[in-house]
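J.: Residues per chain are reported as follows:
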Amino acid sequence: MTTKTSTAERKKTLSPVKLLIEGRAFLALILIIVVFSTLSPNYLTVGNLLIMASHVAIYAILGMGMLLVILNGGIDLSVGSTLGFTGIIAGFLLRGVEISFLGYTFVPSVPVVVLLSCAVGASVGLINGILVSRFRVAPFVATLGMLYAVRGVALLLTNGLTVNDLSGDPELGNTGFDWLGFNRILNVPIGVIFMILIAAVLGLLLGRARFGRWLYAAGGNERAAELSGVPVVKVKIWVYVLSGLCAGIAGLVLSSTLTSASPTAGNTYELTAIAAVVIGGAALSGGKGNVRGTLLGAFVIGFLSDGLVIVGVSAYWQMVFMGVVIVVAVLLNGLDYGRNKPKKSSTKSGGGGQTALADKQGNDPAPNSDHQPAETGGLSR
Amino acid sequence: MSDDFDAVVLEARNIVKHYGGVQALKGVNFEIRRGTVTTLFGENGAGKSTLMKILSGVEQPTAGEIVLDGQPVEFDSTNEAAARGISIIHQELSLAPNLSVRDNIFMGREIQGPFGVDFAQEAKLARDLLAGLQLDVDPSTLVSDLRVGQQQVVEIARALSVNSRILIMDEPTSALAATEVEVLFGLIRDLTARGVAIVYISHHLEEALEITDHAVVLRDGTMTARGERDEIDLEWIVRHMVGDNFDLGTPPTGYEFGEPVLQVKGLRVMDPMNHERSVVDGLDLEVRAGEVVCIYGLMGAGRTELLEAIAGKGDVQSGEILLSGVPLKGRTIAERIDMGVGLVPEDRQRDGLVQTFSIGRNLTLSSLSKVLSRGLLSRKAENDMSVDLIDRVTVKTPGPELNVGSLSGGNQQKVVIGKVVGTKPRLMLLDEPSRGIDVGAKGEVFRLLAARAQEGVAVLYSTSEVGECLAIAHRIIVMRKGRISAEFGSDATKATIMAASGEAVAA
Chain A
1 MTTKTSTAER KKTLSPVKLL IEGRAFLALI LIIVVFSTLS PNYLTVGNLL IMASHVAIYA
61 ILGMGMLLVI LNGGIDLSVG STLGFTGIIA GFLLRGVEIS FLGYTFVPSV PVVVLLSCAV
121 GASVGLINGI LVSRFRVAPF VATLGMLYAV RGVALLLTNG LTVNDLSGDP ELGNTGFDWL
181 GFNRILNVPI GVIFMILIAA VLGLLLGRAR FGRWLYAAGG NERAAELSGV PVVKVKIWVY
241 VLSGLCAGIA GLVLSSTLTS ASPTAGNTYE LTAIAAVVIG GAALSGGKGN VRGTLLGAFV
301 IGFLSDGLVI VGVSAYWQMV FMGVVIVVAV LLNGLDYGRN KPKKSSTKSG GGGQTALADK
361 QGNDPAPNSD HQPAETGGLS R
Chain B
1 MSDDFDAVVL EARNIVKHYG GVQALKGVNF EIRRGTVTTL FGENGAGKST LMKILSGVEQ
61 PTAGEIVLDG QPVEFDSTNE AAARGISIIH QELSLAPNLS VRDNIFMGRE IQGPFGVDFA
121 QEAKLARDLL AGLQLDVDPS TLVSDLRVGQ QQVVEIARAL SVNSRILIMD EPTSALAATE
181 VEVLFGLIRD LTARGVAIVY ISHHLEEALE ITDHAVVLRD GTMTARGERD EIDLEWIVRH
241 MVGDNFDLGT PPTGYEFGEP VLQVKGLRVM DPMNHERSVV DGLDLEVRAG EVVCIYGLMG
301 AGRTELLEAI AGKGDVQSGE ILLSGVPLKG RTIAERIDMG VGLVPEDRQR DGLVQTFSIG
361 RNLTLSSLSK VLSRGLLSRK AENDMSVDLI DRVTVKTPGP ELNVGSLSGG NQQKVVIGKV
421 VGTKPRLMLL DEPSRGIDVG AKGEVFRLLA ARAQEGVAVL YSTSEVGECL AIAHRIIVMR
481 KGRISAEFGS DATKATIMAA SGEAVAA
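Here the protein sequences line up with chains A and B, keeping their order.
All letters in the first sequence, in the order written, are residues 1 to 381 by my numbering.
All letters in the second sequence, in the order written, are residues 1 to 507 by my numbering.
Bear in mind the hints are in silico, worked out from the structure with no lab data behind them.
Here the structure is a predicted model, which means the values were calculated and not measured.
Chain A side only, calculated, beta carbon under 7 angstroms to chain B, not exhaustive:
{"id": "1", "residue": "R208"}
{"id": "2", "residue": "A209"}
{"id": "3", "residue": "R210"}
{"id": "4", "residue": "R213"}
{"id": "5", "residue": "A217"}
{"id": "6", "residue": "G220"}
{"id": "7", "residue": "N221"}
{"id": "8", "residue": "R223"}
{"id": "9", "residue": "A224"}
{"id": "10", "residue": "L227"}
{"id": "11", "residue": "S228"}
{"id": "12", "residue": "G229"}
{"id": "13", "residue": "G287"}
{"id": "14", "residue": "K288"}
Ideal placement from N, C-alpha and C gives every residue a C-beta, glycine not left out.
Using the sequences plus the hints, can you model the full thing?
T.: If you want it as structure tokens, here you go:
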């Protein structure tokens, strides 16, 4: 299912060698599954795989939102906080909101709760997007600020306490929120289905829609994209909105699974999401990466950490392993870029990135030594 | 000081340099004499800067040797070259604007004292150097607080701080005001009197003639001529630079111009560096359908800002821009593209190409709405469009799916032009369309533009090469300090154009 959306696009260009290079994250995933299933008989069972997949879904949904931002050359550190905040909002709405001056308690039905919570997530993203594009705050700083502010608001609202009883009250007629977290369709957890749907939509958006092309162009060279008529500001705002929306959905799924919303939920998840994107072959410099890679990255992270839990490795070692995997993945990406020198770089997919950035300037083989695409341009005018 | 003046200090023998498949230098011989100024003339892409980078250790030659004081030498870095007394002042300022003048002068060669860097000693030396260069600023001033001309002097001070015997100056006056040029020339005379050998590169031919003792002309990677000051004049230089029979095309004929497509009235554009100044200062201009107009001017004349303002970038302070009578004010770049304005920017790496994209994706980037079907990009329509554009602008490539970085400079430029052609423009704006591409490709680019004009497109291009003005333009406009200083028909001569641009030092 992970490949459905984005492979169609490049079916023609996939040769066995390229598959091997590109499928690096996939091979890592296979390796993880093989190793852990030899270590534990419980690892490779349908039941466990589905449980792990529902853990993966949270990372993957966050990661796909993060992918959009990273493709744009930005970063969104606020998604973990947004995830927690959305859960809290959902919890409050399910309890009913007393509108004091009307003496009336507003008890929205579950679909309304879901929509409002998603809107809250998207609004956090909108603030990020406006800060970054209109006020030109560096993405790292703007979203770092939101990471603290949003988390702080979540703690204030709850006094630091967990909101329980998200299952609703039959008397108020708003039961069924736990459906998101517990129910299954054809034995597949709802969270996983959400992940698949989001992957399909984003895959289409990135691969086939004009917005996707705009996003890749703006991430590849924002100045050139702008002069080519790409609405770079609009694109930038939208990627943060979509990232916030994904965080909101992830927050709903998580709080529904737990039937409780903790104000500290999702702490450091933004880093996991970034790791999934990076393992998936995206370049932090923007313009390179795809949904398939990010999904694989999320599966590598989720299957590895759950596997370590199952075989009883301590939590401290888990962190060490995770760190090693992230760094090794990026090192392998570097090898990939080295291999794909301009001559044969018809790979418009997964690769590219940090070294490709350096290539940008070396690529022009003209004896054109009279200018460098210099940052100093402003100075010399 | 026992050496005779005029003795050869540095000699390049049969220098060859390849960049990928492109030969930038094809066996150049070159010598530099003590206490003299040797000027290197040549068009963009002729190999001047490449040669200077090799002499100063920035790059290594593919073949050939460098002989310093009669000994063959190899420089693996600028530091090695600097240690042997060779310094280069780059065309683009290479100062760190966030550091002080003192820190910039001693960058990488900080004077160590007992407690870290000896700032007092550095400041003292810097003050002496600056005094010698008649620059009255405190060494602790931040470089970003200096004017560009003053920054150039700091660059020179840095080069002199290592006691250079050979000083290479790559376009040192391009950012200087006339009075600052005078100071610089005085300085060069002082230096040569002290026995320093100067290599001077400039596009300002007349200005360079003022200071030079020898001239060497490069064309297309080979040395075409060499002469002493008293043997050469402007005509001699231009003839050897451009070649006798070199043809960049002729203005397209055989049709009448249509209605005015572009009308610019009293346009003023704010200088992004200095908000009190206008880089385009009350300019009027009209270009008709089918007409090719060339804007000639020096760096900083405001050509780029004018073209960008028409395309929708930059801060227009006042004045009007009309496209076929419709005011463009308040319209975004995308809206202007839809209306028929297409810009080919000056720096194609920075502003023209998305390097992570294939050739095809670059070509269609401005016309995505034309390849949509049911809201999604149609792969077939997009491919058809790319193939068609590749054909129309004659990009040499096996197919649109190759990465754009795999192309040569000239073909990359054609991709940027093709992207604009794909939007079906009424007005094409090209900022230095020949920058950094080889001579053959230049001719092709100009023929492309002439063909578009024949189809009724209004073409407005800028250049800093006089020869390119005389190629396909029906009309030549000379810009100077944000204004039009002269206007010529296609019968103008190089000398009259250059005189009007303010290249004469007397200005």
